[in-house]
Amino acid sequence: MSNVFRVAVLECDTPIDPVKEKYGTYGDIFSRLLNNGLSNLEGLKSKPTLDVSKWDVVDKQEYPELSEIDGILMTGSKHDSFESHPWILKLVDFTKKAFDAKKPIVGICFGHQILARAMGAKVGRSDKGWEVSADNIDVTDAGFALFDKSSLTLHQMHRDVVFDVPEGFQNLGTSPRCDVQGLYLPNRAFSVQAHPEFDDYIMDKILKKRHGDGIFSDDMYEDGNLRASLEHDGLLVATTIWKFFLVPSKA
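If you count by the working numbering, then the sequence shown holds residues 1455 to 1705, one letter each, in order.
You may find that some hints are simply not true.
Said to hold, decoys possible - Distance ranges between label pairs, derived from CB positions:
| # | residue 1 | residue 2 | range |
| --- | --- | --- | --- |
| 1 | E1676 | N1457 | 44 to 52 Å |
| 2 | T1503 | K1603 | 43 to 51 Å |
| 3 | K1514 | D1581 | 42 to 50 Å |
| 4 | D1618 | Q1515 | 24 to 32 Å |
As the list claims (entries may be wrong) - DSS-like, lysine-lysine: derived pairs with alpha carbons at most 27 Å apart:
| # | residue 1 | residue 2 |
| --- | --- | --- |
| 5 | K1582 | K1508 |
| 6 | K1663 | K1532 |
| 7 | K1501 | K1544 |
| 8 | K1544 | K1532 |
| 9 | K1544 | K1556 |
| 10 | K1550 | K1662 |
| 11 | K1532 | K1501 |
| 12 | K1556 | K1508 |
If you are wondering where the hints come from, they were derived from the structure by calculation, not from laboratory data.
Ideal Cβ positions, reconstructed from N, Cα and C, are used throughout, including at glycine.
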């Protein structure tokens, strides 16, 4: 194993201003999350050094050479994964190309949906409404095998969902408003609908902005705000991402 693991973070959006001012871009936020997960990872004789490259796939539509990376992570986004904007279609095509090249792919929220779309699943707007703030996810048998927990608490910020599980993939969990909370194909793809990278500061700022913009009602804002500071399993997901990247599965 190389002593460096090169992760290309495909930045599918830009954080809102107060979050960007404190934490940087989503590439910076995920670099911090992945480094924390790597520090928490046990059972390896030696750990690699993380090398993150950041790629603006929205405005610049830039992508890495697959031969120069070891893994891919697609971030969340305010955009709709089911749209046909040129940059979204290009992202879907790149995801297919990376999958065919057997580069391990991680998808987060919007990235989870793009992965599903690239693999032939239906994505779109849920008729069950928004899922926001720290909330419970019931894991499936496949999820339990990965996380060793029967449920997870993770931050959510979405109303778009994956409607079905692509052929060959496993669903990692469910919630009352989202039937497909994650996807898994050993050594190939791992995704979650939730946001393991969010903390109470990020959630607080997003809730305030969307409430101020009239997207969230008073009741939605107050309910989300009550749960924004709950303990969550973001670190566990980050550690699991590393197990996915580094530990070959026998499945």
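27 Å Cα cutoff - pair K1582, K1508: The given pair, whose Cα atoms are some 34 Å apart, is violated under the 27 Å limit.
Restraint status (C-alpha distance of K1550 to K1662 at most 27 Å): violated (36 Å)
Cβ separation of T1503 and K1603, checked against the hinted range 43 to 51 Å: This hint is violated: roughly 29 Å between Cβ atoms.
Proposed proximity, K1532 with K1544 (alpha carbon, max 27 Å): holds (17 Å)
Range agreement (Cβ of N1457 with Cβ of E1676, hint 44 to 52 Å): holds (49 Å)
27 Å limit on alpha-carbon distance, applied to hinted pair K1501 and K1544: violated (33 Å)
Distance restraint between K1544 and K1556, which requires alpha-carbon spacing of 27 Å or less: With Cα atoms ~18 Å apart, K1544 and K1556 stay inside 27 Å; holds.
Given pair status - K1501, K1532, alpha carbons within 27 Å: Judged against 27 Å, a Cα distance of about 34 Å means the pair is violated.
Satisfaction of hint between K1508 and K1556, Cα-Cα up to 27 Å: Holds, because 20 Å separates the two Cα atoms, which is no more than 27 Å.
Cβ distance range 42 to 50 Å for K1514 and D1581, holds or violated: At 35 Å between Cβs, range violated.
27 Å limit on alpha-carbon distance, applied to hinted pair K1663 and K1532: holds (13 Å)
D1618 versus Q1515 beta-carbon gap, inside 24 to 32 Å or not: holds (28 Å)
Going through the hint list in order, the structure does not satisfy hints 2, 3, 5, 7, 10 and 11.
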